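Chemist: Sequence:
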Amino acid sequence: MKRFATPALVLGAFALTAPAFAGGYSEPVVEQPAIAPAPVAIMTDTDWTGGYAGATLGYGWGDDALDDADDMTYGVFGGYNYDFGQFVLGGELEYLGSDIETGASELEDMTRLKLRAGYDAGPALIYGVVGAAYANADIDGVSYDDTGYTYGLGVDYAVTDSVNVGAELLQNEFDGFDDSGSDLSATTLGARVSFKF
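Letter by letter, the sequence shown follows residues -22 to -1, 1 to 175 in mature numbering (1 follows the signal peptide of the UniProt record, and there is no 0).
Using C-beta positions, here's what the derived DEER-type ranges look like:
1. Q149 to T80: 12 to 22 Å
2. G81 to L35: 22 to 32 Å
3. Y127 to A33: 18 to 28 Å
4. A110 to G29: 14 to 24 Å
5. D116 to G63: 39 to 49 Å
6. T27 to S121: 39 to 49 Å
7. L67 to P101: 14 to 24 Å
8. E86 to L167: 11 to 21 Å
9. E9 to A33: 46 to 56 Å
10. V120 to L71: 26 to 36 Å
11. T89 to L167: 14 to 24 Å
12. Q149 to D116: 13 to 23 Å
13. V141 to D49: 25 to 35 Å
Think of the hints as simulated: they come from the structure by calculation, not from any bench. Quick caveat: nothing in here was measured; it's all calculated off a predicted structure. Each residue gets a CB set at the ideal place from its N, CA and C atoms; glycine is no exception.
Required output: the full structure, derived from the provided sequences and hints.
Modeler: Listed below in C-alpha coordinates is the structure:
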(Lines of atoms letter the chains of each structure in order from A and count residues from 1; the text may use other names and numbers.)
(Lines give C-alpha, C1' and ligand atoms only; values in the text may rest on other atoms or scores of the structure.)
Protein backbone atom coordinates (compact mmCIF):
# COMPACT_ATOMS: atom_id res chain seq x y z
CA MET A 1 0.00 0.00 0.00
CA LYS A 2 2.85 2.32 0.75
CA ARG A 3 4.13 1.74 -2.77
CA PHE A 4 1.05 3.26 -4.30
CA ALA A 5 0.45 6.05 -1.77
CA THR A 6 3.76 7.85 -2.25
CA PRO A 7 3.56 8.12 -6.08
CA ALA A 8 -0.11 9.07 -5.81
CA LEU A 9 0.74 11.87 -3.38
CA VAL A 10 3.58 13.10 -5.62
CA LEU A 11 1.32 13.09 -8.69
CA GLY A 12 -1.45 14.88 -6.78
CA ALA A 13 0.93 17.57 -5.56
CA PHE A 14 2.32 17.99 -9.07
CA ALA A 15 -1.20 18.30 -10.52
CA LEU A 16 -2.06 21.03 -8.01
CA THR A 17 1.12 23.03 -8.68
CA ALA A 18 1.30 22.53 -12.48
CA PRO A 19 -0.81 25.63 -13.32
CA ALA A 20 1.72 27.79 -11.49
CA PHE A 21 4.47 26.63 -13.88
CA ALA A 22 2.37 26.81 -17.03
CA GLY A 23 3.49 30.23 -18.24
CA GLY A 24 6.80 30.30 -16.51
CA TYR A 25 7.83 32.97 -14.06
CA SER A 26 7.49 36.60 -15.13
CA GLU A 27 8.20 39.69 -13.13
CA PRO A 28 5.20 41.80 -12.20
CA VAL A 29 4.69 44.91 -14.34
CA VAL A 30 5.32 48.07 -12.40
CA GLU A 31 3.63 51.11 -13.90
CA GLN A 32 5.89 54.16 -14.18
CA PRO A 33 4.40 57.50 -13.20
CA ALA A 34 3.55 59.71 -16.19
CA ILE A 35 6.04 62.50 -16.79
CA ALA A 36 4.29 65.82 -17.28
CA PRO A 37 5.63 68.00 -20.12
CA ALA A 38 7.51 71.13 -19.13
CA PRO A 39 5.20 74.13 -18.89
CA VAL A 40 5.33 76.56 -21.82
CA ALA A 41 5.54 80.20 -20.83
CA ILE A 42 2.75 82.12 -22.56
CA MET A 43 2.52 85.83 -21.91
CA THR A 44 -1.14 86.53 -21.23
CA ASP A 45 -0.85 89.78 -19.30
CA THR A 46 1.56 92.37 -20.69
CA ASP A 47 2.16 95.76 -19.13
CA TRP A 48 3.04 98.14 -21.97
CA THR A 49 3.94 101.02 -19.63
CA GLY A 50 7.49 102.27 -20.07
CA GLY A 51 10.03 103.68 -22.47
CA TYR A 52 11.36 101.86 -25.52
CA ALA A 53 13.81 102.32 -28.39
CA GLY A 54 14.39 100.38 -31.56
CA ALA A 55 15.02 100.17 -35.28
CA THR A 56 12.89 99.73 -38.38
CA LEU A 57 13.48 98.38 -41.88
CA GLY A 58 10.86 98.55 -44.58
CA TYR A 59 9.67 99.66 -47.96
CA GLY A 60 7.96 102.78 -49.27
CA TRP A 61 6.28 104.07 -52.39
CA GLY A 62 5.28 107.56 -53.41
CA ASP A 63 2.66 109.60 -55.21
CA ASP A 64 2.26 113.14 -56.57
CA ALA A 65 5.83 114.52 -56.85
CA LEU A 66 7.06 110.98 -56.05
CA ASP A 67 4.80 109.25 -58.56
CA ASP A 68 6.15 105.79 -59.48
CA ALA A 69 8.89 106.08 -56.82
CA ASP A 70 9.56 103.15 -54.49
CA ASP A 71 12.47 101.65 -52.51
CA MET A 72 13.79 100.75 -49.07
CA THR A 73 13.33 102.70 -45.83
CA TYR A 74 15.31 102.36 -42.57
CA GLY A 75 15.42 104.21 -39.30
CA VAL A 76 15.45 104.44 -35.52
CA PHE A 77 12.76 105.40 -33.03
CA GLY A 78 12.07 105.89 -29.35
CA GLY A 79 8.97 106.50 -27.30
CA TYR A 80 6.93 105.97 -24.18
CA ASN A 81 3.65 104.09 -23.60
CA TYR A 82 1.24 104.16 -20.69
CA ASP A 83 -1.02 101.13 -20.17
CA PHE A 84 -4.44 102.05 -18.71
CA GLY A 85 -5.64 98.42 -18.66
CA GLN A 86 -7.06 97.56 -22.06
CA PHE A 87 -6.23 100.99 -23.50
CA VAL A 88 -2.65 102.12 -24.23
CA LEU A 89 -1.61 105.68 -25.03
CA GLY A 90 1.89 106.71 -26.08
CA GLY A 91 4.13 109.04 -28.03
CA GLU A 92 7.04 108.28 -30.35
CA LEU A 93 9.76 110.15 -32.24
CA GLU A 94 11.15 108.43 -35.36
CA TYR A 95 13.84 109.25 -37.88
CA LEU A 96 13.39 107.45 -41.21
CA GLY A 97 16.00 107.42 -43.98
CA SER A 98 14.73 106.70 -47.47
CA ASP A 99 15.86 105.47 -50.88
CA ILE A 100 12.42 106.24 -52.40
CA GLU A 101 13.12 107.96 -55.73
CA THR A 102 12.31 108.35 -59.40
CA GLY A 103 14.55 109.86 -62.04
CA ALA A 104 13.36 113.38 -61.15
CA SER A 105 12.46 113.25 -57.44
CA GLU A 106 13.77 111.69 -54.25
CA LEU A 107 12.51 111.51 -50.67
CA GLU A 108 15.71 111.76 -48.62
CA ASP A 109 14.35 111.35 -45.08
CA MET A 110 11.48 112.00 -42.70
CA THR A 111 11.23 112.78 -39.01
CA ARG A 112 7.88 111.83 -37.50
CA LEU A 113 6.36 112.75 -34.14
CA LYS A 114 3.55 110.29 -33.52
CA LEU A 115 0.69 109.86 -31.07
CA ARG A 116 -0.18 106.18 -30.67
CA ALA A 117 -3.43 104.89 -29.14
CA GLY A 118 -4.33 101.24 -29.05
CA TYR A 119 -5.86 98.12 -27.56
CA ASP A 120 -3.91 95.92 -25.12
CA ALA A 121 -4.61 92.37 -26.35
CA GLY A 122 -2.22 90.66 -23.91
CA PRO A 123 1.04 90.02 -25.73
CA ALA A 124 -0.15 92.10 -28.71
CA LEU A 125 -0.73 95.85 -28.91
CA ILE A 126 -2.90 96.94 -31.86
CA TYR A 127 -2.80 100.70 -32.36
CA GLY A 128 -3.56 103.66 -34.57
CA VAL A 129 -1.17 106.51 -35.32
CA VAL A 130 -1.64 110.23 -36.02
CA GLY A 131 1.12 112.80 -36.02
CA ALA A 132 3.34 115.35 -37.70
CA ALA A 133 6.01 114.58 -40.29
CA TYR A 134 8.95 116.66 -41.49
CA ALA A 135 10.53 115.64 -44.81
CA ASN A 136 13.53 116.53 -46.96
CA ALA A 137 13.17 115.88 -50.68
CA ASP A 138 14.67 116.73 -54.05
CA ILE A 139 12.14 117.62 -56.74
CA ASP A 140 13.49 118.16 -60.26
CA GLY A 141 16.98 118.70 -58.86
CA VAL A 142 15.95 121.29 -56.25
CA SER A 143 16.07 120.57 -52.48
CA TYR A 144 12.91 121.21 -50.48
CA ASP A 145 11.78 120.54 -46.91
CA ASP A 146 8.37 120.88 -45.34
CA THR A 147 6.05 119.73 -42.56
CA GLY A 148 3.02 117.54 -43.16
CA TYR A 149 1.05 114.88 -41.35
CA THR A 150 1.12 111.11 -40.94
CA TYR A 151 -1.49 108.51 -40.00
CA GLY A 152 -1.88 104.76 -40.06
CA LEU A 153 -1.96 101.48 -38.16
CA GLY A 154 0.52 99.30 -36.33
CA VAL A 155 0.94 96.25 -34.15
CA ASP A 156 3.56 95.32 -31.56
CA TYR A 157 4.06 91.84 -30.13
CA ALA A 158 5.88 91.21 -26.83
CA VAL A 159 8.35 88.37 -27.45
CA THR A 160 9.69 88.78 -23.89
CA ASP A 161 9.19 91.34 -21.12
CA SER A 162 11.79 93.58 -22.78
CA VAL A 163 11.78 92.70 -26.52
CA ASN A 164 8.98 93.63 -28.93
CA VAL A 165 8.58 93.02 -32.66
CA GLY A 166 6.00 94.64 -34.87
CA ALA A 167 4.95 96.34 -38.07
CA GLU A 168 3.61 99.75 -39.01
CA LEU A 169 1.83 101.00 -42.14
CA LEU A 170 1.77 104.81 -42.40
CA GLN A 171 0.55 107.33 -44.96
CA ASN A 172 2.56 110.59 -45.09
CA GLU A 173 1.03 113.68 -46.73
CA PHE A 174 2.66 117.02 -47.61
CA ASP A 175 0.29 119.43 -49.37
CA GLY A 176 1.97 122.11 -51.52
CA PHE A 177 5.39 120.80 -50.52
CA ASP A 178 7.52 123.82 -49.53
CA ASP A 179 5.88 125.99 -52.22
CA SER A 180 7.36 123.71 -54.88
CA GLY A 181 4.08 123.70 -56.78
CA SER A 182 3.67 119.97 -56.08
CA ASP A 183 2.08 117.88 -53.39
CA LEU A 184 4.18 115.02 -52.04
CA SER A 185 2.94 111.81 -50.45
CA ALA A 186 4.52 108.53 -49.47
CA THR A 187 3.31 105.28 -47.96
CA THR A 188 5.73 103.36 -45.72
CA LEU A 189 5.53 99.82 -44.38
CA GLY A 190 8.15 98.94 -41.78
CA ALA A 191 9.12 95.91 -39.73
CA ARG A 192 10.17 96.98 -36.24
CA VAL A 193 12.10 95.60 -33.28
CA SER A 194 12.34 97.48 -29.99
CA PHE A 195 13.71 97.08 -26.49
CA LYS A 196 11.68 98.21 -23.49
CA PHE A 197 13.42 99.79 -20.52
